[in-house]
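Novice: Heads up: the sequence lines are chains A and B, in that order. Residues in the first sequence are numbered from 1 upward in steps of one, following my numbering. Residues in the second sequence are numbered from 1 upward in steps of one, following my numbering.
Worth flagging that the hints you see were computed from the coordinates, not collected in a lab. Be careful, since some hints might not be right.
[To be verified] Straight-line C-alpha distance at most 27 Å; calculated DSS-like pairs for lysine-lysine:
| # | chain 1 | residue 1 | chain 2 | residue 2 |
| --- | --- | --- | --- | --- |
| 1 | B | Lys-2 | B | Lys-56 |
| 2 | B | Lys-2 | B | Lys-67 |
| 3 | B | Lys-42 | B | Lys-56 |
| 4 | B | Lys-42 | A | Lys-15 |
| 5 | A | Lys-57 | A | Lys-15 |
| 6 | A | Lys-57 | B | Lys-2 |
| 7 | B | Lys-67 | A | Lys-22 |
| 8 | B | Lys-70 | A | Lys-57 |
| 9 | B | Lys-67 | B | Lys-56 |
| 10 | B | Lys-42 | A | Lys-13 |
| 11 | A | Lys-13 | A | Lys-57 |
| 12 | A | Lys-57 | B | Lys-42 |
| 13 | A | Lys-22 | A | Lys-52 |
| 14 | B | Lys-2 | B | Lys-70 |
| 15 | B | Lys-42 | B | Lys-2 |
| 16 | A | Lys-15 | A | Lys-52 |
| 17 | B | Lys-70 | B | Lys-56 |
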Amino acid sequence: AAGVIQSPRHLIKEKRETATLKCYPIPRHDTVYWYQQGPGQDPQFLISFYEKMQSDKGSIPDRFSAQQFSDYHSELNMSSLELGDSALYFCASSLEFRGRRTDTQYFGPGTRLTVL
Amino acid sequence: QKEVEQDPGPLSVPEGAIVSLNCTYSNSAFQYFMWYRQYSRKGPELLMYTYSSGNKEDGRFTAQVDKSSKYISLFIRDSQPSDSATYLCAMSDGAGGTSYGKLTFGQGTILTVHP
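In isolation and in its complexed conformation, chain A is listed as follows:
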C-alpha cells in the first residue's frame, strides 16, 4: 500500500539559511500534519491542513510557514534557520470519513534536518 512520502530524507543547512520540506500524503487522504521530533524527544505538533486550509496550529515558530496544495501535498518552509531547528520533521496524513476525521494518522519516514 502507498505510504506518506517525504522529501528530502536528509538536509544539511547553515544557520540563517532557508529550507523547504515536502510531504505527499497517502492517496485520497485530505489532511496533513507536521510534527517536529528533537533528539530523544516525542514528536511535537507544528501545524495541520485540511482541504488546503490551515486547520490547527501548534508550537510552530513564526519563521516557519506551510501550505497544502491542490494535489494535497504540503510544504513546510523554514527560514532563518537556527541550530535548535535540527530535528526530524515528520509529516502524517489522515482521511475524513463520512464527515468525521478518523484521527488515524499515518506517518512518513521523516526528513532529518541538520543545521550547522
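Use these hints to put chain B onto chain A, whose structure you have.
Specialist: Relative to the frame of chain A, chain B by itself:
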C-alpha cells in the same frame, strides 16, 4: 507538566516475555488513543487505535483504555527481538474536536527484547 506521561524506560526483557507499556494523561477530552512503534531514525508506525474505554486485541498486541483512571496500556505477548523499538502512546480529543485531530504524544518507552 506534560499532558501525557510515559515511562521512558529503557525496558529490557527476554524473548517470549509479556511486555506492559503504560501512559497516563490529564486531558479528559481525549477520546482517541493510539500506540505507535518507532524504529531508530524511522517514522512512527501505527500499531493500535482505540476509541474511548475498553480493550482491543490484534495478534500479539492488546490495547487497554481506562478513561475513568486516565490510563492506557499496551501489552505485547510472546515478545520477539524484532519488537525492539521505541513505543509511543498518542491521543487526541477526537474528530470534530477543537484540536482537529492533532496528536499529543508520550515521551516514548525504549524496549529491547533480547534472545
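Novice: For which of the previously enumerated hints does the structure constitute a violation, in increasing order of number?
Specialist: Violated hints: 7, 16; rest satisfied.
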